[in-house]
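Novice: Here the protein sequences line up with chains A and B, keeping their order.
The first sequence lines up with residues 14 to 486 when you count with the numbering used here.
The second sequence lines up with residues 18 to 450 when you count with the numbering used here.
In short, the hints are calculated from the structure, not lab data.
Accuracy of the hints is not assured; some may be wrong.
Here are the computed lysine-lysine pairs in the DSS-like style, where the Cα-Cα straight-line distance is at most 30 Å [as the list claims (entries may be wrong)]:
| id | chain 1 | residue 1 | chain 2 | residue 2 |
| --- | --- | --- | --- | --- |
| 1 | A | K364 | A | K243 |
| 2 | B | K426 | A | K323 |
| 3 | A | K114 | A | K144 |
| 4 | B | K229 | B | K201 |
| 5 | A | K207 | A | K82 |
| 6 | A | K102 | A | K142 |
| 7 | B | K370 | B | K426 |
| 8 | A | K82 | A | K144 |
| 9 | B | K209 | B | K267 |
| 10 | B | K440 | A | K16 |
| 11 | A | K323 | B | K267 |
| 12 | B | K440 | A | K323 |
| 13 | B | K147 | A | K323 |
| 14 | A | K144 | A | K188 |
| 15 | B | K229 | B | K309 |
Where chain A lies over chain B, by a calculated footprint (3+ residues, C-beta under 8 Å) [unchecked claim]:
| id | region |
| --- | --- |
| 16 | 407-416 |
| 17 | 427-438 |
Here are some chain A residues the structure puts well away from chain B; computed CB gaps all over 12 Å [said to hold, decoys possible]:
| id | residue |
| --- | --- |
| 18 | Q36 |
| 19 | K73 |
| 20 | F101 |
| 21 | D130 |
| 22 | R137 |
| 23 | S329 |
| 24 | E357 |
| 25 | G359 |
| 26 | T374 |
| 27 | R384 |
| 28 | K436 |
| 29 | R472 |
All C-beta atoms in this analysis are idealised placements derived from N, C-alpha and C, irrespective of residue type, glycine included.
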Amino acid sequence: MSKYYLGIDLGSTTSKAVIINEQDEIIGRGITNTRANYSVAADIARMEAIYNARFFILKKNLANEIAAKPQYKKYLSDLESVFQYEQFKVRIDKLGDELLKTCYNYFDGERRQTMVDHLRIIRRAIKPKIKHQYIYQNLGAQNQFFRDIVSEKYNEEVSKFDISLFEPLMTIWDKSITAAENEVVQFDFESLIKEAMDLLKEKYDNLPEQSENIPIESERNFDAEMYLLKGEFNSVSESLRDRIDEVARLEFNIENMTGTGYGRALLPFPQDCIRSEILCHAFGAHAIFPNTRTVLDIGGQDTKAIQVDKYGLVTSFQMNDRCAAGCGRYLGYIADEMSISLNELGPLAMKAEKEVTICSTCTVFAGAELRELTNMGESRPDILGGLHKAIIMRAMSLIARSGGVFNEFTFTGGVARNQAVIKYLTQLVKANYGDNIIINIHTDSIFMGALGGAMFARRNINVDLPSAKKTTA
Amino acid sequence: MSNPKDAIKEKSMVIQKEMLANLFTELSTAKENGKKVVYTFVPGNLTELILALDMLPVYPEINALQSGMRKRSGSYIKDAEKLGFSEDVCTYVKCDIGMMLNGNIGPTGEKLPDPDLLLLSYTGCFTFLKWFENLERLYPGVEIAMLHTPYQEDGVITDDQINYMVKQLKEEVIPKMEKVAGKKLDYDRLEKMLGNAAKAEELWVKVLETAKHRPSPIDSYFAGVYYMGPLNTAFRGTEEAVSYYEELYKEVNERMEQNLCPVTPEGEMKEEKFRLVVEGPPNWTNFREFWKIFYDMGAVIVASTYTKVGGLYDQGFRHDPLKPLETLSRYCMGCYTNLNLPQRVDLIEHYIKEYKADGFLINSIKSCNSFSAGQLLMMREIEQRCEVPVGFIESDLVDPRYFSYANIKNRLESYFQMLEQRKIIMSQEEAHV
Numbered sequence: 014m015s016k017y018y019l020g021i022d023l024g025s026t027t028s029k030a031v032i033i034n035e036q037d038e039i040i041g042r043g044i045t046n047t048r049a050n051y052s053v054a055a056d057i058a059r060m061e062a063i064y065n066a067r068f069f070i071l072k073k074n075l076a077n078e079i080a081a082k083p084q085y086k087k088y089l090s091d092l093e094s095v096f097q098y099e100q101f102k103v104r105i106d107k108l109g110d111e112l113l114k115t116c117y118n119y120f121d122g123e124r125r126q127t128m129v130d131h132l133r134i135i136r137r138a139i140k141p142k143i144k145h146q147y148i149y150q151n152l153g154a155q156n157q158f159f160r161d162i163v164s165e166k167y168n169e170e171v172s173k174f175d176i177s178l179f180e181p182l183m184t185i186w187d188k189s190i191t192a193a194e195n196e197v198v199q200f201d202f203e204s205l206i207k208e209a210m211d212l213l214k215e216k217y218d219n220l221p222e223q224s225e226n227i228p229i230e231s232e233r234n235f236d237a238e239m240y241l242l243k244g245e246f247n248s249v250s251e252s253l254r255d256r257i258d259e260v261a262r263l264e265f266n267i268e269n270m271t272g273t274g275y276g277r278a279l280l281p282f283p284q285d286c287i288r289s290e291i292l293c294h295a296f297g298a299h300a301i302f303p304n305t306r307t308v309l310d311i312g313g314q315d316t317k318a319i320q321v322d323k324y325g326l327v328t329s330f331q332m333n334d335r336c337a338a339g340c341g342r343y344l345g346y347i348a349d350e351m352s353i354s355l356n357e358l359g360p361l362a363m364k365a366e367k368e369v370t371i372c373s374t375c376t377v378f379a380g381a382e383l384r385e386l387t388n389m390g391e392s393r394p395d396i397l398g399g400l401h402k403a404i405i406m407r408a409m410s411l412i413a414r415s416g417g418v419f420n421e422f423t424f425t426g427g428v429a430r431n432q433a434v435i436k437y438l439t440q441l442v443k444a445n446y447g448d449n450i451i452i453n454i455h456t457d458s459i460f461m462g463a464l465g466g467a468m469f470a471r472r473n474i475n476v477d478l479p480s481a482k483k484t485t486a
Numbered sequence: 018m019s020n021p022k023d024a025i026k027e028k029s030m031v032i033q034k035e036m037l038a039n040l041f042t043e044l045s046t047a048k049e050n051g052k053k054v055v056y057t058f059v060p061g062n063l064t065e066l067i068l069a070l071d072m073l074p075v076y077p078e079i080n081a082l083q084s085g086m087r088k089r090s091g092s093y094i095k096d097a098e099k100l101g102f103s104e105d106v107c108t109y110v111k112c113d114i115g116m117m118l119n120g121n122i123g124p125t126g127e128k129l130p131d132p133d134l135l136l137l138s139y140t141g142c143f144t145f146l147k148w149f150e151n152l153e154r155l156y157p158g159v160e161i162a163m164l165h166t167p168y169q170e171d172g173v174i175t176d177d178q179i180n181y182m183v184k185q186l187k188e189e190v191i192p193k194m195e196k197v198a199g200k201k202l203d204y205d206r207l208e209k210m211l212g213n214a215a216k217a218e219e220l221w222v223k224v225l226e227t228a229k230h231r232p233s234p235i236d237s238y239f240a241g242v243y244y245m246g247p248l249n250t251a252f253r254g255t256e257e258a259v260s261y262y263e264e265l266y267k268e269v270n271e272r273m274e275q276n277l278c279p280v281t282p283e284g285e286m287k288e289e290k291f292r293l294v295v296e297g298p299p300n301w302t303n304f305r306e307f308w309k310i311f312y313d314m315g316a317v318i319v320a321s322t323y324t325k326v327g328g329l330y331d332q333g334f335r336h337d338p339l340k341p342l343e344t345l346s347r348y349c350m351g352c353y354t355n356l357n358l359p360q361r362v363d364l365i366e367h368y369i370k371e372y373k374a375d376g377f378l379i380n381s382i383k384s385c386n387s388f389s390a391g392q393l394l395m396m397r398e399i400e401q402r403c404e405v406p407v408g409f410i411e412s413d414l415v416d417p418r419y420f421s422y423a424n425i426k427n428r429l430e431s432y433f434q435m436l437e438q439r440k441i442i443m444s445q446e447e448a449h450v
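The following block holds chain A by itself, in its conformation from the complex (with noise of 0.2 Å):
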């Protein structure tokens, strides 16, 4: 039996969780929003990752298929995508018993019947919408997380309502997320894919003969792949149950785990199988790109300057642990001052046709600095476009506390995944540090404190503390 192994790495913004088999090949990844109950968070980024894996599994299985047949990619993308859906409907609902249950604890008389009313006009036309898009738009390739996604429909719906009943929504809404989020659904994998695959058969089922009779323009330019599958769909899902159900089925053994992030010690592991985020980012980092000798790693709430020598071990490292300017949480913050989305900082900065110097010693400060700029006249991605530079200053400033960048160069962290940030990192490495320096930045860069944490469980390397005896005992 092939066995695998887990990496969490629970981190103060994100929780991920990553599975390698005994290849160090990463099989499953699993992310979701950390929250105020740890072990609900890691529990479903593992559960995310564990699913992701039977995804992966049996592409690799299907491989020779795929290959071969485009249906079949699209019938396996389509069914991940819906797969989710299934998970996310039940949370759904969840979410509207909370919210209604908040709804009766904290008002009464008329006015509670008012919100009543209103809560189920919003449950009935968020719920559609969102199975919509995750049947038609490809919303689970988008890798959003589930209170993202319900919270952006959910503000849809009670801005078309009257002004004045905004606030007791908006306090409704808050007092419920917290608590839906932080339940733990259990799912079954195999009766879940079974509903997904039904429900993929009532949405080809359903689709319209050609392309131009699907009622939504925007919809319509949709890819020959569907209707190659729309064909041929009875055949393709009838060639491929028993393939599912055999993965569906699979026992899945989790050989051992590591647990990792500023919240380890919080995690339900035992002591001995609890490391330091500052070891796995390295060594995940370095598993990836194995001439990696300085490793940036910036993550939500602390940034990290790392050496490592060529075994992927920490020579030294540096952290900035103290303040949230240089951080993650800087860019989250300035997002929200400027009311854009996290994700669309960095394609905005990118516009920028110089860089506004900004102070980067304080993130609340630096919120204020922005309004005063956009008030001189300074455009957004100017303003945008110092930030990054900003962040990226203060993370050289750390860079060069842990002694400078060596050859190989690699960047982790959720901030990765902004392209301005590597812009300005590559400029400022470059020019600090010489041309000739290689920068690597992976597309798992988020995972990669979850990677090096499966590593060391596939490696067996156990804490071997006197304090973990000390508890374990």
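Put chain B on the given structure of chain A with help from the hints.
Specialist: Same frame as chain A, but now just chain B:
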């Protein structure tokens, strides 16, 4: 502590406690008994001169660290800040000023006497100069003596520097001290005290060197700061200090012969897992918590630079009764913070090799420029020269606002795991070869 063996171990502690209690009682009754009081600092102190003139020394930075350990420093610092001292001023200074504003009650609960003389014998720390300027304002009319200590810029102590210091001692410092004491310095007495100092220093070095043994019977940092007390403060040159170090060495030596690990506040360590060299003073406000992170992980500090602030005896210096003023001058110039950066790096390298350390750790103190300036450079140099994992944590002397337990624990845990992994991977690599 019902175990009789434990009681024996702690005899030296009992002796030290008695010594300190007697000193503070003597200080509290100094004015009634007509004893003159000298405020002075630990690095480069002239304790033998003070004692030979029958005066009593008070060390403001020791009071500050004691206040830190007794959780009083936070409010003292706030009181000093109310007076206008900036956030960036050394917290020893602010704690001391705050303590004076609050009645100058010492660690034993007895009031400390006002100074008759402010004796600044070490100028390597610029803050000391400013500290006494402030004390002069708090005690108008107090006598002041200053001994200018040249910094070891070139890494050596030259004859010119010694002559310069001896001249200051002869012409300014000793006359001023004699004036305050109301008597002439008895050189025979001074020489006898310097002889006692050398004896205690010899024993202290023996104590420190037991840490070369595996396992080390002492923690040279967390326990070292207690052990160094008598020699660094009011007792150097006394018979009492000599007997204290005789007792201490006896105890430590016994522990070494029995292969025992250091004693911690929670009892004896069971296993020595990591041997470390530490640079920088400890944090005093959370001293116990800080220490616990180390002994819980099985980490023992086998050598530290902080325990050399009162003199680098392990590098051969001894007070020499035959050359009293010259030896005092050499002593002032030889304390750890008066070394230049290359000397400090050499010393640390020597410790790492001599004491077979697994790693090097810096506790960088926000308050203390004398220690902290240049530490990152030192760290990098050590990393390259010794190829041991290096760690860097940040805290403060006595300002509780700058001790973040979670951050420090997180960094130390990572550091210990670094050491652990290195051991495992290196042994695997060796096995492959």
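Novice: State for each hint whether it applies.
Specialist: Now for the hints, and whether the structure bears them out:
| no. | hint | verdict |
| --- | --- | --- |
| 1 | A:K364 / A:K243 | 41 Å, violated |
| 2 | B:K426 / A:K323 | 27 Å, holds |
| 3 | A:K114 / A:K144 | 24 Å, holds |
| 4 | B:K229 / B:K201 | 45 Å, violated |
| 5 | A:K207 / A:K82 | 23 Å, holds |
| 6 | A:K102 / A:K142 | 11 Å, holds |
| 7 | B:K370 / B:K426 | 27 Å, holds |
| 8 | A:K82 / A:K144 | 27 Å, holds |
| 9 | B:K209 / B:K267 | 24 Å, holds |
| 10 | B:K440 / A:K16 | 27 Å, holds |
| 11 | A:K323 / B:K267 | 46 Å, violated |
| 12 | B:K440 / A:K323 | 15 Å, holds |
| 13 | B:K147 / A:K323 | 49 Å, violated |
| 14 | A:K144 / A:K188 | 25 Å, holds |
| 15 | B:K229 / B:K309 | 22 Å, holds |
| 16 | 407-416 | holds (count 3) |
| 17 | 427-438 | holds (count 9) |
| 18 | Q36 | 19 Å, holds |
| 19 | K73 | 31 Å, holds |
| 20 | F101 | 34 Å, holds |
| 21 | D130 | 47 Å, holds |
| 22 | R137 | 46 Å, holds |
| 23 | S329 | 5 Å, violated |
| 24 | E357 | 32 Å, holds |
| 25 | G359 | 29 Å, holds |
| 26 | T374 | 15 Å, holds |
| 27 | R384 | 27 Å, holds |
| 28 | K436 | 28 Å, holds |
| 29 | R472 | 9 Å, violated |
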